[in-house]
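Student: Chain residues, written in single-letter form:
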Amino acid sequence: RKEVEQDPGPFNVPEGATVAFNCTYSNSASQSFFWYRQDCRKEPKLLMSVYSSGNEDGRFTAQLNRASQYISLLIRDSKLSDSATYLCVVSGGYQKVTFGIGTKLQVIP
Amino acid sequence: ETGVTQSPTHLIKTRGQQVTLRCSSQSGHNTVSWYQQALGQGPQFIFQYYREEENGRGNFPPRFSGLQFPNYSSELNVNALELDDSALYLCASSRRDDGNTIYFGEGSWLTVV
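Sequence lines, in order, name chains L and V. Straight run, no breaks: the first sequence in this note's numbering ends on number 109. Straight run, no breaks: the second sequence in this note's numbering ends on number 1113.
Read the hints as simulated data drawn from the structure, not as lab findings. These numbers were taken from a predicted model, which means no experiment stands behind them. Note that CB positions come from ideal geometry on N, CA and C, so glycine has one too. One should not assume that every hint holds.
To be verified - Distance condition first, Cα-Cα at most 16 Å in a straight line; then the derived EDC-like pairs of lysine to aspartate or glutamate:
no., chain 1, residue 1, chain 2, residue 2
1, L, 104, L, 57
2, L, 96, V, 1097
3, L, 104, L, 3
4, L, 96, V, 1054
5, L, 42, L, 82
6, L, 42, V, 1054
To be verified - These stretches of chain L come out as covered by chain V in the derived footprint (C-beta under 8 Å, 3 or more residues):
no., region
7, 44-51
8, 96-105
The following block holds chain V by itself, in its conformation from the complex:
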């Protein structure tokens, strides 16, 4: 167990809807990163949050947004869902001074129909 928890674990949404995914980081970890993993692919970096601010972003459109809260938990929001957004969304936490080692939650499986 990594201590990183995500919710919900599975969900189905309709194209055009909005979704919010949640993540609680491991105790002592102040940095949260989000990844998208499509079937048969490696995880793709979406963005990272540190001290409640976005601290780096991958090649994802603005309809992917996030938040980090004072307790270091985080949300990923995706607006105007598209079929290609169907994927496993992984949250990973790390310590700022050891950001190279990341620990994943079990992920949220999103299916867009």
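Bound conformation, chain L alone:
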């Protein structure tokens, strides 16, 4: 089983739609969780951290479920500019940062 698993997609959604991505992780001792965004042929950029209490940043909401070992990202009112690959990142400490394969999102006009 992979340490961090994501559905690679692609998810093709119309503008204005709501889309959700999930990511599961295998190490119950994992400490920190993040979503990164990666545009085509660019470096990953931090989108948001993920907390058990859930956190929201504008149209983006992230949630962590430690009991089931998954994290989620919800994007509301999708924009064309949201088209990218979204990487789930799980950290067990400063030496152990593991990326998922990424979920590709394509927002269609």
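Assemble chain V onto chain L, guided by the hints.
Tutor: Coordinates of chain V only, in the frame set by chain L:
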């Protein structure tokens, strides 16, 4: 802009050659990590440097080696290049006391032919 700079941005090497990639970390960041990202994959952890010493290593062979300098900049060296080494190589810097949040440079695209 993350303040992490990498060079070169693109390079082509022949199988069997050696390559050195360079990274300057963000100001105030004392930890540098290197990642390999093959096409269609997520970044894979190669190793991390802190205080000029290797401080953790992923599942990569010894021909992948590195250095960190007193100013926290870093090099990744790959010997005996193989075709499968073709990838985007990402450098990420962080602060030791906040190592969970990492900031990437724009990467070095390596093609091995």
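Student: Need the status of pair residue 42 of chain L, residue 82 of chain L: alpha-carbon distance at most 16 Å?
Tutor: Measuring from Cα to Cα gives roughly 14 Å; hence the hint holds.
Student: Are the Cα atoms of residue 96 of chain L and residue 1054 of chain V separated by 16 Å or less?
Tutor: Holds, because 13 Å separates the two Cα atoms, which is no more than 16 Å.
Student: So if I understand the rule, the pair passes when the alpha-carbon distance is 16 Å or less; does residue 96 of chain L with residue 1097 of chain V pass?
Tutor: 14 Å, holds
Student: Is the hinted pair residue 42 of chain L and residue 1054 of chain V satisfied, with a Cα-Cα distance of at most 16 Å?
Tutor: 26 Å, violated
Student: Under the criterion that the straight-line Cα-Cα distance not exceed 16 Å, is the pair residue 104 of chain L, residue 57 of chain L satisfied?
Tutor: 20 Å, violated
Student: Tell me if the straight-line CA distance from residue 104 of chain L to residue 3 of chain L falls inside 16 Å.
Tutor: 19 Å, violated
Student: Test coverage of the region 44-51 of chain L by chain V using CB-CB distances below 8 Å; three residues minimum.
Tutor: holds (count 4)
Student: Are there three or more residues in the region 96-105 of chain L whose C-beta lies closer than 8 Å to some C-beta of chain V?
Tutor: Coverage by chain V holds here, the residue count being 7 at a Cβ distance below 8 Å.
Checked against the numbered hints given earlier, this structure breaks hints 1, 3, 6; the rest are met.
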